[in-house]
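Based on the hints, put chain B in the right spot on chain A.
Residue strings, one per chain:
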Amino acid sequence: MTAVAVPPADSADLPRAWWATRRNRLIVIAIVCWVAVSLVRVLLDADDLTSSTAFRAAIRTGIPVFLAGMGGLFAERCGVVNIGLEGMMILGTWFAGFAGWHWGPWVGVLFGVIGGVLGGLLHALATVTFGIDHIVSGVALNIIAAGTTRFLADQFFTGQIGGSISQSPPVKGSIHEQSLPFLSGGELFGWRSPNPLQWLEFKHWFLISDTAGLLNGLTSRHNWLTILAVVIIPIATYVLWRTPFGLRLRSAGERPSAADSLGVDVYRIRYSALAISGGLAGLGGSYLAINGAGRYSEGQVSGRGFIGLAMLIFGNWRPVGIAIGSTLYGFIEGVRLCCSGQTIVALVLLVSLALAALAITQLLRRNWPAFVGTLFVSGLFATYYIVGKATDSADKEFTVPREFTYMAPYVLTLLFLAFASQRLRPPAAAGKLWRKGDTG
Amino acid sequence: MKNRLIQTLLPIGVAALLAAVVGATVMLLIGSNPIDATRAMVSYLDSTDSVVAVLNRSSWYYVSGLAAAIGFRMGLFNIGVDGQYRIAALLTAALGAEVSLPAALHVPFMFIVAMIIGGAFAGIAGVLKVKRGVNEVISTIMLNYVATGIIAYLLINYFWTRDASGRDLIPKTDLLDRSAWMPDLNALIEKFGFHFAQGVRVHGFLLVAALVGIIFYVVVWRTRFGFDLRMSGLNPFAARSSGVNPNAMIVRTMFISGALAGVLAMGPLLSEGHVYGDQFPTQLGFTGIAVALLGRNHPAGIAFAAVVWASLERASQALSSEGIPTEISRILQGTLLLSAVITYEIVNRRSLAATTRRASELASSVLTPAKPEVIR
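Just so you know, the protein sequences line up as chains A and B, in that order.
For the first sequence, position 383 matches number 383 in our numbering, and the numbering has no gaps at all.
For the second sequence, position 321 matches number 761 in our numbering, and the numbering has no gaps at all.
In isolation and in its complexed conformation, chain A is listed as follows (with noise of 0.2 Å):
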């Protein structure tokens, strides 16, 4: 009788645990998240946190860094260190201004995405062609787009009604906003639906009403270039990982001699892809002169191409990665820009919890010294929290400061920064110079 083989049991087959997968443990500690969002909100009465306004600034907040970070990540993906997002952005807002106030809202976003396509081309003759080190390009592109911007903003804008040399007149118009139909009281056809969701968020029920104001807020009243913004996520995934355009770009940031042996022509991959990242912080400047100001203004842009690099690294260079985390910080921001004092204290009080929780991971993981750190700065934290609001008294209610909330975005990125993933997987060659007929 000749041996039956049987074949091994693959691992697949096994009956697995709910909580073994990586993605599962992810949804729960959402889930925990969440709860602990909506007791905060109940416990210190600020229902401005969880509210539709809250969720809808924390999008128009994100959406610039967001596209600073995409913009960075199609450029460090093909091996090119983009130190210039922000002089790209800031060519993006006055662009967009200057086409806006002359033709228009859309007009204005063609126009600067097209001044961050020059941006990148820029940046890319210099590191791609001349071969210079990629942050001293990057640094330099910074300082000419800012004093580039300011020559052309004191030649156009000078002398124009509501123009001066730090910010340009109006632009022409906005964009129309959209809703969600049926749900969050959107327009179909001229008929004003219910908004039930907004109607479940005034009721300020636990849990049901944070998400009610979640689900609005993602849902009401933004424009089609937030929606364009958010669309580029499925879009930026499927060309960078299901095209061979993609495939080569990728190829170039983690072994450009090796994508070089293959016939890709690295130089003009990495043109094509700089192009495309100066394209998207140009579009984060335009997102920020319309959607924002409704204008070009000087300092408008103050940092948030480096914040969007800090994306890029917290996001693990995948576009979705970087999403969340221009959620979460522009949660954070929108919560300090929309809402009241007391909702920013809430803030305090749940960045301290949120802490808190990664220490305790921390500590899961043996890992003492981040413990030790992540507590103590939790501790900072709480103890801002609590010795301020033992200062609170019927006349003067504690309020952070105007300049510590000024600071809150840079000591994020810092936080972000710090307490990222040790897994972190930059692309290989992602910031090596790299010459036709090099190896490695």
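Careful, some of the hints might be misleading.
[Unchecked claim] When the alpha-carbon atoms are kept at most 20 Å apart in a straight line, the in silico EDC-like pairs for lysine to aspartate or glutamate are as follows:
1. 172(A) / 48(A)
2. 432(A) / 785(B)
3. 612(B) / 48(A)
4. 612(B) / 718(B)
5. 436(A) / 265(A)
6. 389(A) / 48(A)
7. 436(A) / 785(B)
8. 203(A) / 48(A)
9. 432(A) / 298(A)
Hints in this document: simulated from the structure, not taken from any laboratory.
This structure is a prediction, so every number in the text was calculated from the model and none was measured.
For chain B alone, coordinates are given in the frame of chain A:
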């Protein structure tokens, strides 16, 4: 020797030419005459006032450039010089106003305090890099903004004085005692026969800057620490295997860079104004980065670059009379920076290729065997 000279001066010449061409093109595009503009700029520079102003400014840019350069030499990009010098200036100004010491002690005291504060602030970025792997470009830039926030908070809430009418609050630190004012060099220079108009002062900080430059050179090129620093920048693996502790090196270099930013802070604080307030010069840190890149991270080059940068700034003030916006200086500066950096790289690569070729020719001529004798 002649080759080295050409190698050093050629790229600068080419870059200057490129910047001039771009500037002239922009001027033509906005309808102005570049020749007239150049003439106006040169004649404006040709006065004692201008020369003194340029010298004073370039002393600040020089120290700022040195602060950036020591990081660049190690491959560390300290873009945070701006935040470091401003926070050092504020805190040192506040502290210095509380203290009263004789002049010989007060000025060095201020310098030391500024260096410690600047170094500590930069050290934050260094520690973050070493402990958490945070990219120092991003962390130093974030710290710039954090510094702005801290300074704004302190100025509005703690460091303010009432103005003459007694009603409004002016955010600035208290005026420093005369003992903390750095003396100027007018008396010294007048001995050589120059005469200065009223109010024109050559800052004593010029000597400090020169001293710092000499110390920079000696430390980086004549000490073991400097050797380790340069090697860490040129070849981190070689540095590691020769015993350099990379983490200690990073934190030390960031600290020194921040300390130099503190020295920079003392330039405007002790020479003009003597308070930290809204009028305190800003953006000096970013200029230093540009000047360091232009000067190729060498104290002599940075000195030259600082003078050129300050001259461009000063000269463009003359342009408004020609109907050209003074902002064009920024385009000139930016183009000069980028084209200089590009030409440096090209010349570097060419000379490296030439050296390699020469070396291989030499090697092959030595190693090639002599023609074999024909054996009959």
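Going through the hints against the structure:
1. For the hint pairing residue 172(A) with residue 48(A), the CA-to-CA distance comes to about 32 Å; that exceeds 20 Å, so the pair is violated.
2. Only pairs whose Cα atoms come within 20 Å are accepted, and residue 432(A) paired with residue 785(B) is accepted, the gap being roughly 15 Å.
3. About 37 Å separates the Cα atoms of residue 612(B) and residue 48(A), which puts this hinted pair outside 20 Å; it is violated.
4. With a C-alpha separation of about 7 Å, the suggested pairing of residue 612(B) with residue 718(B) holds against the 20 Å cut-off.
5. Distance restraint check for residue 436(A) and residue 265(A): the Cα-Cα separation of roughly 9 Å lies within the 20 Å cut-off, and the hinted pair is therefore satisfied.
6. Restraint check: the Cα-Cα separation between residue 389(A) and residue 48(A) comes to about 18 Å, which is no more than 20 Å; the hinted pair holds.
7. Between residue 436(A) and residue 785(B) the alpha-carbon distance is near 16 Å, which keeps this suggested pair within the 20 Å criterion.
8. With a C-alpha separation of about 13 Å, the suggested pair residue 203(A) and residue 48(A) falls inside the 20 Å cut-off, and the hint holds.
9. Between residue 432(A) and residue 298(A) the alpha-carbon distance is near 33 Å, which puts this suggested pair outside the 20 Å criterion.
Checked against the numbered hints above, the structure breaks hints 1, 3, 9 and satisfies the rest.
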